[in-house]
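Asks: Please build the complete structure, drawing on both the sequences and the hints.
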Amino acid sequence: MKALMYLTKRSFVNSIKKAVKKPVTLIALIFGVAYGIFLFAMLAGLAVGVRFNSSSGLVIIMTLWAIYITLSNFMMYSSRKGVIFRPAHTHFVFTAPINPKLILLHGAWMNYVFSVIVWIILAVAGLTVFQVEPWKVGLFFLAGCVLETVLEVSVMVTIYANDRLPEKLMKGICRGIKILLIAITIVIVLYFRKEGISMESARGFIDWKGLQIFPVVGWSIAVYRLILLGPDMLNIVCSILYMLTVFFMAGLAVKMDCGGGYYEDAAKFADDYADMKKRKKNGEMVMGIEKKKKKFRKISETIQASGAKAIFYRQLLEYKKEKYFIFSKISVFCLFFGVFFAYAMRKNAIESGYPQMFLLGMAAYISLVMTGYLGKWENELKTPYLFMIPDSAFKKLWYSTLIEHIKALVDGSLLCIPMGFFWKIQPVYVILCILIYTALQANRMYTKVIAQCLVGDVLGKTGQNLVRACIQMTVLGMGAIVAVLIGIFVNMNLIFPILLIYSIMVTVAVGLLASLRFGSMEQLT
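Whatever position you read off the sequence shown (first residue = 1), add 1358 for the numbering used here.
Derived by calculation from the structure, the hints in this document are not laboratory data. Cβ atoms here follow ideal geometry from the backbone N, Cα and C, with glycine treated the same way. Do not take every clue at face value.
To be verified - Restraint-style ranges between C-beta atoms, simulated for each label pair: (1) Met1601 <-> Lys1567: 13 to 23 Å; (2) Leu1592 <-> Asn1706: 29 to 39 Å; (3) Leu1422 <-> Gly1719: 46 to 56 Å; (4) Leu1871 <-> Val1482: 44 to 54 Å; (5) Met1601 <-> Trp1566: 16 to 26 Å; (6) Val1786 <-> Gly1530: 48 to 58 Å.
Claimed, not checked - As a list, the in silico DMTMM-like pairs of lysine to aspartate or glutamate whose alpha-carbon atoms are at most 20 Å apart: (7) Lys1567 <-> Asp1590; (8) Lys1679 <-> Asp1565; (9) Lys1636 <-> Asp1615; (10) Lys1459 <-> Asp1615; (11) Lys1705 <-> Glu1553; (12) Lys1656 <-> Glu1680; (13) Lys1754 <-> Glu1676; (14) Lys1526 <-> Glu1622; (15) Lys1678 <-> Glu1553; (16) Lys1687 <-> Glu1762; (17) Lys1656 <-> Glu1676; (18) Lys1494 <-> Glu1553; (19) Lys1529 <-> Asp1623; (20) Lys1687 <-> Glu1676; (21) Lys1529 <-> Asp1630; (22) Lys1782 <-> Glu1709; (23) Lys1681 <-> Glu1762; (24) Lys1567 <-> Glu1553; (25) Lys1526 <-> Asp1623.
Replies: Structural data, given as structure tokens:
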């Protein structure tokens, strides 16, 4: 046990030393804290605006938490992917003469820290936003931070430490939880589609007694209802069942023998997690731990091109080999957000009288936020042959990013058309929003080239993204302010053409500047 404590201590100290040597870590931490405070304040204002600032509002949040977060954690544990180990654990920790249970608990200590932080935030929100009495908040914190953590740890130990559970059973449990989550989501969507999104409809769904009867997860909801809303016969009985379940699982976890059968799965997951962190560090948008092998289609056609055009046609040929052509996970996200906001914000957008402004705001926000993915153009920057092509730097940069402009146009269409259709916006404004989205994405790519030239690898990918975001928001922000002022004092409909023209002008200027610095990027590859 002392060896594990020493390992934890040294890992923490080394992380601090590494963070001090890299100022970008401190910058990212400050930015993350500031963004977290901003989100907290925004959500608090939203809760007040929709009258969720009461005990019932907190119960709604905890119900969703119990359904999605708790069940998701159980699903991860059933597949033995809920505890993060490092590749070094395979060689040094797993082979050490230490109880496998202690190694498991040591590997999951970051989960506990995260849970405590979340429950502290929920407790503060309960006091400030939801106006719950302090003694109820204290019981609420104990029930969540202590009982739920004990149950989660017990389930984790029981699943990991039990070497007799067949693999097919574990996979069946994992699939069952996934199906259950999808079914619950469909029920929630259909319910609110019928009843509408309001505090009354949300309260009606949360008050459904069938939720509390659901084993374990529903019983935990009953505990929160007992504390926050007061006792009734159903939540008292379900709370007792939950307490008995916690004690039973804790006793089972303590008495269960473990011979380290989970080491093999943990070692494989450690390698997959390390590979995921490496891909994320390179700027790739990572959607899962395991990297699935891509299946490519056979293409018989031959494309011939000379100079910088060869870059574009080679990328086009590569996309034709892809299973879904130029459509990616970003395309799915854009379509999802487009349909979701088209329905969720339909009433507010139409009643405002300026639904096109809502559309413009959503397109701008998504274009600035959804930027954590790698395109083929960024892979081109890592290849030395790009700088050896006998053509101008501007053409090489243009043809390297041309296919990404086409993708941005398609993704912008998937995002804007559903909202424009449901909000009954004139087609001309929808087209202008799509073009603005495309211009903003092009500006992001060219600004990133400039950021890479300015900071190199000194601040890493995170530092490059921060510099890129600052440059982009500063340059585009000035144009946005001018467009809004003209819209307020002259005509609101002028905002769209002004923003589009300004975005194109700035993007062309940034592209020319990036092409001038393009040659120096060979030193960074």
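Asks: What are the numbers of the hints that this structure violates, sorted from low to high?
Replies: 3, 8, 9, 15, 18
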